[in-house]
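*Asks:* Chain A is fixed; fit chain B onto it per the hints.
Chains as they are written, first to last, in the working numbering: chain A, 1 to 703; chain B, 1 to 450.
All clues given are correct.
Interface residues of chain B toward chain A, partial, derived using beta-carbon atoms under 8 angstroms:
1) L92
2) P116
3) S117
4) R119
5) N121
6) D220
7) E264
Note that these hints are calculated values from the structure, not bench results. Predicted model only: the values in this text are computed from it and were never measured. Ideal Cβ placement from N, Cα and C applies to all residues, glycine included.
Each chain, written out:
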Amino acid sequence: MSSRSPRSVSVAALPLVVVAALLVLPTALAAQFPTEPPPATELRPLPFPEVQEAQLSNGLRLLVVENHRLPIVSIRLSMRAGSREDPRGMEGLASMVGELMTKGTARRSAEEIAAEIEGVGGSISASAGSDFFSAFSTVLTENVDLGFDLLSDVLLNATYPESELELARTRMLSAIQVEKSSPGALAGRYFQKALYGDHPYGRQYTEESVEAYTQDAVREWASTYLKPEGSILVLAGDISLADAQEAAERYLGSWRGKSPSATYAAPSTAAPTKITLLHRPGSVQSNILVGNLAVRPIEDGTYHAAEVANKVLGGGADARLFMILREEKGWTYGSYSGLSTRKDGGYFQASAEVRTPVTDSSLVELMHQIRRMRVEAIPDSEMVAAKGYLVGSYPLTIQTPQQIASQVASAILLDRGIDFVRTYGQRVDAVTVRQAMAAARRVYRPDSAVVVVVGDGQALYDKLSAIAPVEIIDVEGEPLTPEDLTPKAAALELDLDQLVARRDSFRMLAQGNAVGVLVSEVMRDGNDVTINQTMSIAVMGMNQESNVTLSVAPVVMKTVDQSLSFQGNSAETHLVYEGGRVTGTSQTPQPTGEIKSLDIDAEVLDGVVDDNAIQALLPTFALAEGAEFTVNAFQADKGTTAALTLKVSGIEEITVPAGTFSTFKVEMTGGEQPVTMYVTQESPRRIVKIVPTGQPIELELVQ
Amino acid sequence: MRRVAYAVLAALAFGGSPIAAQGLAQYEMYTLPNGMRVILAEDHSAAVVTVNIWFNVGSANERLGRSGFAHLFEHMMFQGSANVGKGEHMQLVERAGGNMNGTTDEDRTAYFETMPSNRLNLALWLEADRMRSLAVTDENFENQRETVKEERRLGVDNQPYARAFTDGLTQPFDSTACFAYAHTVIGSMDDLDAAETEDVQRFFDLYYAPNNATLVLAGDFQPAEAKQLIQQYFGDLPRGNQPPSIECAVQYGTYGERAVFDDELANLPAVIAMYPIPQHKEADTRPLSLLSTILGQGESSRLNISMVREAKTALQAGAGAQSRRGYGLFLTFAIANQGTDPETLEEQLRAEVAKVVEEGVTEEELEKAKNNFRSGQIFSRQTSMGMSQALQHFAHYHDSIDEINTDLDGYMAVTVDDVKRVARTYLSDENSHIVVVVPKPAAGEEGGDR
Chain A
1 MSSRSPRSVS VAALPLVVVA ALLVLPTALA AQFPTEPPPA TELRPLPFPE
51 VQEAQLSNGL RLLVVENHRL PIVSIRLSMR AGSREDPRGM EGLASMVGEL
101 MTKGTARRSA EEIAAEIEGV GGSISASAGS DFFSAFSTVL TENVDLGFDL
151 LSDVLLNATY PESELELART RMLSAIQVEK SSPGALAGRY FQKALYGDHP
201 YGRQYTEESV EAYTQDAVRE WASTYLKPEG SILVLAGDIS LADAQEAAER
251 YLGSWRGKSP SATYAAPSTA APTKITLLHR PGSVQSNILV GNLAVRPIED
301 GTYHAAEVAN KVLGGGADAR LFMILREEKG WTYGSYSGLS TRKDGGYFQA
351 SAEVRTPVTD SSLVELMHQI RRMRVEAIPD SEMVAAKGYL VGSYPLTIQT
401 PQQIASQVAS AILLDRGIDF VRTYGQRVDA VTVRQAMAAA RRVYRPDSAV
451 VVVVGDGQAL YDKLSAIAPV EIIDVEGEPL TPEDLTPKAA ALELDLDQLV
501 ARRDSFRMLA QGNAVGVLVS EVMRDGNDVT INQTMSIAVM GMNQESNVTL
551 SVAPVVMKTV DQSLSFQGNS AETHLVYEGG RVTGTSQTPQ PTGEIKSLDI
601 DAEVLDGVVD DNAIQALLPT FALAEGAEFT VNAFQADKGT TAALTLKVSG
651 IEEITVPAGT FSTFKVEMTG GEQPVTMYVT QESPRRIVKI VPTGQPIELE
701 LVQ
Chain B
1 MRRVAYAVLA ALAFGGSPIA AQGLAQYEMY TLPNGMRVIL AEDHSAAVVT
51 VNIWFNVGSA NERLGRSGFA HLFEHMMFQG SANVGKGEHM QLVERAGGNM
101 NGTTDEDRTA YFETMPSNRL NLALWLEADR MRSLAVTDEN FENQRETVKE
151 ERRLGVDNQP YARAFTDGLT QPFDSTACFA YAHTVIGSMD DLDAAETEDV
201 QRFFDLYYAP NNATLVLAGD FQPAEAKQLI QQYFGDLPRG NQPPSIECAV
251 QYGTYGERAV FDDELANLPA VIAMYPIPQH KEADTRPLSL LSTILGQGES
301 SRLNISMVRE AKTALQAGAG AQSRRGYGLF LTFAIANQGT DPETLEEQLR
351 AEVAKVVEEG VTEEELEKAK NNFRSGQIFS RQTSMGMSQA LQHFAHYHDS
401 IDEINTDLDG YMAVTVDDVK RVARTYLSDE NSHIVVVVPK PAAGEEGGDR
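Bound conformation, chain A alone:
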């Protein structure tokens, strides 16, 4: 490169003899220490390791990247099927196959597989992506046979045990619940859906699809799609082509067949820009995703130009989006853009997580920066920096045999050819400004973009409507109208006979171990109700006391006082509800350990309850199987009202230390933490068990 500092040039240009002399007499003659960071030097092209190939008798394509520096062999088997091949109604099934594949075979139990591979310090795993399915093992050279044996055993003889399926199903269901409280995950889910529509890439796993998996379906998917013809086996590290071929024939030779290849209509790309607003009541932040379908894996050789353009737009902490939205405007911690490649067409996506009041400004700025890429020539300095970064950081991703195998596999699977990895640096380096701009015009389509914003719809709807047409949905993807965004006054119908004075003690279990207690006391004097709660979790050094007063018939909140001590910190919340308003202060500990304080002065509509009162009031709801209630709950930690949904999803018999009870299973969603509560059918009803979703915690009634 041309921009070396004069000082380093002068030294580098000295004849060798003088340099040698400098080394002997250093302090007197050495060049001065530069006061500016030295510029990047020319990157010596390092050839990508040679890739050797062979075809196996069963149609499997073998690729070997030989490297004898260390006695390590990475074995990677990739097949051309993934979640794209999930049966309709069983979305996520391919991932389940990956998860269960190493959990037992006709010859080995799950424990035996783990013990054998750990005994030699190796690893084995399998997983599904959207287009491909891979199984890998990494071992020392002397254990290559074991690696192959285990890999072929799980591939050919996996039993997909029922018990493991149930465990995995439970994990996946609770992961879905956790996703619903994660704005980033929600944004991604609805972005894919808006982008791809009914194409399999747009169909996502749901509670229903996970519930639909059966052992037969898992086995059938595996036996249909995991076939050798068209699949690839990449071996990287300390092994020769001949040895690799011999081992592959020995362990995988009996594996035969070809998987069916499904084709899907390409998703439509022409619709004008539309915003999907996912309403998360009370959210103080918004997650924005903007993008469009764009990137095809092979295209016309312009992928690298798109990559360079994207690096300039949003590919890191020195790219435009970051510099403008974060450094200049201070609207966000970070804003980035990326390209994603898929077999049936990939996409471009730009993202930002911003404060609610600057959501519309941020979206406008994002769109502006995207448009700029299409019309303005990229200055030389940005081109040089972008290319330098892409070319320079690429080698950090191909240091180990495992990394090399993974790069080779994806180049082949996406039909990019080995040259993609072999000449990556030269190709990126050759991109011109003109090519990068042409790529930007092809990739960025701000006028037919998909925009997803997850945030407080009430605060955002009007402002976003000024930018593009807005469609509002809730966490479940159900459409909402603008009127739905305003919490409506709704008197709660309560069965006050169920509200009796009592004291309930719960024990808190974390992964089966008792870690704390919750004591909940309800006192009632006519229509005046007082709820006292004490919770202590010794292992976290946490104690919380709260006192809530309200009157019932109709429900009117009065006061909330709460004090929390948490690992030596303390937080206090005091609220007074009066004359249609709630005032006071709230303090909430953050995951970082800081305490967030909020002055509260907000309007509350009739029927709004404090979220601390819901648990005590739940037994008085008209509980019945299938019943659903919407409760407008004031959340002191956010200072806003959210509409919570409580749904009786079934009748279950529950055993806790206090006894065995027939209960209504009530699922509460819409708040930060979804939770399931079990309420006795027998009157007076009481809660006997509380399970926060996705947490390893349960509360059980002791007495």
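*Replies:* Coordinates of chain B only, in the frame set by chain A:
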């Protein structure tokens, strides 16, 4: 030269020679006139280079009343220098496509960057600039002192069992005979409070001088160019005074005092049994390390099988050999299950150790431990970063860096008799020091769950 050597090695490996011969580290070492050691390990298998600089200073070098300085410095080193603004170090590395970090322990302080190979100059320049001109100001000192206190508060004082596993591990060492290991790396907050900016400057001048530093380059670079850059950036740094040597005496077999930690955050008792062991470079380190794997690492380890799976007295049980440049510690530990008292835990931990002393271990157990050690070592040297750490380790913890290519053979040669012998020598009751963690309700907690 190199290419030939590779071919020969590869042929040997295929001919069935010991696998340990493959992947030998190749390097050259030299010393600048100002005393800075330089180790160059050229490897062109990826266009990546790691710059890894260790200063021969850890908490073991600290004096009574001045603890916590070595670690504080790791923070200070990111606060800017003559040509690099506060926080700019990280930004420059990231924007160049690299990554970086720093770490401190008892025996050394390490700083490292892994970069695309054409940014070697940047990493060297960043390291040199802070060695030449670190901004030791009142303001930086004050705010890093607060950051360290916060680190102690969050990482140790507010985590269950963390005080026992940090403060507790200093118990076997006497503050007079071996202050070096009788205090923690993070140090005393009172000492940090009492320190003046001048103390910090003196510490920097003494321990961050070139004669107390070792610079390793591993990966894709041309030695001639690298040497020239190193000379230009580091060559004119003035040599510092010779730091005082570390004094540490340990007496074996004295029956240590039992230390009890009341832990408000723990809700189950725990026991740690510690046994002082020799310096890392001694041959006994190898059987002790393999024994710690057999006793307490992994699902099929002895402590896990006997206490967690069979007796179900422990929620978790394990063992480790923490070797250091000076005396190290062998330790076994267990966290109780509901209903197990600390006495039972201690008895069972001692019984498992006694069984090794009396009956030794099996050939099969030893073989598996060796497999794990060897594969762990090989996997760890796949990257330029891993290789640079290994070179620094041998340069600091062993008599000669050349042991990097022979140490593994020593591990492979360990016999079941060696294991039994070191167990008998070091893991006796009279050589043990016990730490007990007793759950204690926080003040104000009543009617708890216990």
